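Visitor: Which chain is which? The protein sequence lines are P and X, in order.
Quick note: the first sequence uses the working numbering, first residue 2, plus one each step.
Quick note: the second sequence uses the working numbering, first residue 2, plus one each step.
Hints may contain errors.
[What the hints assert, rightly or not] Listed next, with one range per pair, are the computed distances between beta-carbon atoms: (1) X:F194 x P:G94: 52 to 60 Å; (2) P:A23 x X:E335: 19 to 27 Å; (3) X:A100 x P:L7: 35 to 43 Å; (4) P:E81 x X:L357: 32 to 40 Å; (5) P:P61 x X:I285: 41 to 49 Å; (6) P:L67 x X:I165: 50 to 58 Å; (7) X:D374 x P:P77: 32 to 40 Å; (8) P:A23 x X:V314: 44 to 52 Å; (9) P:K116 x X:A100: 40 to 48 Å; (10) P:L7 x X:T20: 40 to 48 Å.
By construction, these hints were calculated from the structure, which means they are not laboratory data.
These figures come from a predicted structure and were not determined experimentally.
For glycine and all other residues, C-beta sits at the position ideal for the given N, C-alpha and C.
Letter by letter, the chains look like this.
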Amino acid sequence: MNLTGLSRRGMLIALAVLFNAAVGLLLAVPIVGYLLSPVVRGRRPGYESWLSLGAISQFPEGQTRLATYRNPVARPTDGETANIPCWVRNVDGQRFQVFAINCAHLGCPVRWFPKSGLFMCPCHGGVYYADGSYAAGPPPRGLFTYSYKVEQGNLMVNAGEMPTTGAPTAGLINITAGRWPCA
Amino acid sequence: MRLIRNLSNWFDQRLGLATPIRETLEHPVPRETASWFYVFGSAALTVFGVQIVTGILLALLYVPSAGEAWKTLEMINHQVTLGWFIRALHGWGSNFMVAIVLIHMVQVFLFGAFKYPRELTWIIGVLLLLLTLGMAFTGQVLRFDQDAYWGLGIGASIVSRVPILGPPAVNLLLGGPIIAGATLARFFALHVFVIPGLLIAFVSLHLLLVLRLGINEWPMPGRVVRRATYIREYHKLTRRDGIPFVPGAVVKDMFFSGFILLAIAACALFFGPIGPTGQPDPTIIQTAPRPDYFFLWVYAVLSLLPPWAETPVLLIGPVIALIVLVALPFFSGEGEKSWKRRPIGVLTILLAAVALGTFTHLARVAPWSPAMDAWSGDAIPAQYLKGRTSLERQGALVFQVKQCHNCHALGGVGGQRGPALDRVAVKLTQDQLIRQVIQGGGNMPAYGKNLTPAETTALVAFLLTLHPGDEAPAREGYRAAGFGARP
Chain P
2 MNLTGLSRRG MLIALAVLFN AAVGLLLAVP IVGYLLSPVV RGRRPGYESW LSLGAISQFP
62 EGQTRLATYR NPVARPTDGE TANIPCWVRN VDGQRFQVFA INCAHLGCPV RWFPKSGLFM
122 CPCHGGVYYA DGSYAAGPPP RGLFTYSYKV EQGNLMVNAG EMPTTGAPTA GLINITAGRW
182 PCA
Chain X
2 MRLIRNLSNW FDQRLGLATP IRETLEHPVP RETASWFYVF GSAALTVFGV QIVTGILLAL
62 LYVPSAGEAW KTLEMINHQV TLGWFIRALH GWGSNFMVAI VLIHMVQVFL FGAFKYPREL
122 TWIIGVLLLL LTLGMAFTGQ VLRFDQDAYW GLGIGASIVS RVPILGPPAV NLLLGGPIIA
182 GATLARFFAL HVFVIPGLLI AFVSLHLLLV LRLGINEWPM PGRVVRRATY IREYHKLTRR
242 DGIPFVPGAV VKDMFFSGFI LLAIAACALF FGPIGPTGQP DPTIIQTAPR PDYFFLWVYA
302 VLSLLPPWAE TPVLLIGPVI ALIVLVALPF FSGEGEKSWK RRPIGVLTIL LAAVALGTFT
362 HLARVAPWSP AMDAWSGDAI PAQYLKGRTS LERQGALVFQ VKQCHNCHAL GGVGGQRGPA
422 LDRVAVKLTQ DQLIRQVIQG GGNMPAYGKN LTPAETTALV AFLLTLHPGD EAPAREGYRA
482 AGFGARP
């Protein structure tokens, strides 16, 4: 024991701990960066991009049809899980609505019943009207809506991320029918 | 024999483990703990062993790739020799594991074993329960079928509701913007490396604590736990009246573990492997996802909560439950151990069991889900059509075609989302029926835009015939008064 109260051995241990802490911190930065990559990538530049759902002639006026797109962010191991369905409603030949397949309650796939003009969810009984607005059941809101545009006869949607109750507008603009200027 | 003795001496000279192992095995335990009530902990450990072995065997063939996983499961089921049996053992093993861990917890609670000085044993036990449930959920994801896919969507939707942190947490959970390859890979890492590692570590601590603090004595009414005297009393009990753990108490553990192994094997043999259901292709939307047995009650709660209560209950409920479980040994660390003197404890268990049982039963029936194909699959009973006018029969057709049957049952067939309509004309008058159909209300959508006036007229005419012969249809009170009509 010396006069300062810090032995040579104690100081060496403190130094060793400090040294390892510094190295650990240095390693932690890339590790945390790797772990957080899904989040960071999601914000900048974002997961969404404009995708074609096919020619507008596939979506007859006054009808609601299922369409599929390949998610823009797909990896080699994704297989069929990167094929994402959505509901396209041709309101009047001019205006469209593109709804996410996911129920606004907890994300189950809603099904369209043309005769009753309702979307029904098989999980917890959420029901929506033809325009996607809330009709019955536990959902806190209407269906999630993708923003769309028509380019050279193709229906394009801005999609790429699964909408969830807490993040319905992650890149999705909730437009009402017809607000978007159609080409 | 001599060779064996020489060999064991050779090892023990180097390892020095013989004495501590013998002392551990022969440590004295209270005589009454050699009981069929004290076998669930060791049984859970046995099943955990089964899960490790069968899990490794499955990992020999399973490929954690979103594009391949489902196919490898089908291959293990159908093409690999006895692959179906190993999958069945692992699946049924997981069901048994959750059940035994829960029974173990209830037994420990009712026998007051969480009280001083075994608080930490209990807290680690709570952690082990969470880890077991974590294994059950991640395992369900690895069975990468339709239920797994949409179950992940439900999980993501719940996580997304956390304020501020929710949306990035969803991306972190899914490993990207959608449920895909990265999602399966990270659940594989959790199920195969992270959670089993934690389980092994905490099971070891749990066992260490059981050895250090001793097996809980049989609770006697009136034998009260006091911090000042408990440890002395316990040692007196084990020294005066104890028996060695091996062979005294362990026999029932061994028999019960063997019985459980046999039960798992029997279930695997008779019921076969669990799933996979349809392939995880999100474009196949003709599916009604359901969670595995032990999460069915959550599914029911999610359907029955009123919308305003959903997010708070989902986010705060589990936190409160966890706090209560962890805090239990601290606000109830002393006093009576016996369930005979702890009526509130017994009632709590009964209430929890009844609630879980009810929710699980409800989830199996799922009355809140529309029967998605009732309109095309379930016929209207013939007696509701016999002798009806053509308008009323036209109405029956509207009822079927407009998918009313998906939510409303007739003659016990059809959806249960809305009320059964066999007696609807007894309750509602013509005007009320028209209003209900057109405007909706309660939990019913408005059909005004989807029915022509003619269809509405026909439908209501049909609905007005729906009353038992001996019950008069509903009538308007004001009409009776105003026009002096007689019923």
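Visitor: All the hints need checking, so say for each whether the structure fits it.
Guide: Results for each hint:
no.	hint	result
1	X:F194 x P:G94: 52 to 60 Å	holds (55 Å)
2	P:A23 x X:E335: 19 to 27 Å	violated (47 Å)
3	X:A100 x P:L7: 35 to 43 Å	violated (57 Å)
4	P:E81 x X:L357: 32 to 40 Å	holds (35 Å)
5	P:P61 x X:I285: 41 to 49 Å	violated (23 Å)
6	P:L67 x X:I165: 50 to 58 Å	violated (34 Å)
7	X:D374 x P:P77: 32 to 40 Å	holds (37 Å)
8	P:A23 x X:V314: 44 to 52 Å	holds (45 Å)
9	P:K116 x X:A100: 40 to 48 Å	holds (45 Å)
10	P:L7 x X:T20: 40 to 48 Å	holds (42 Å)
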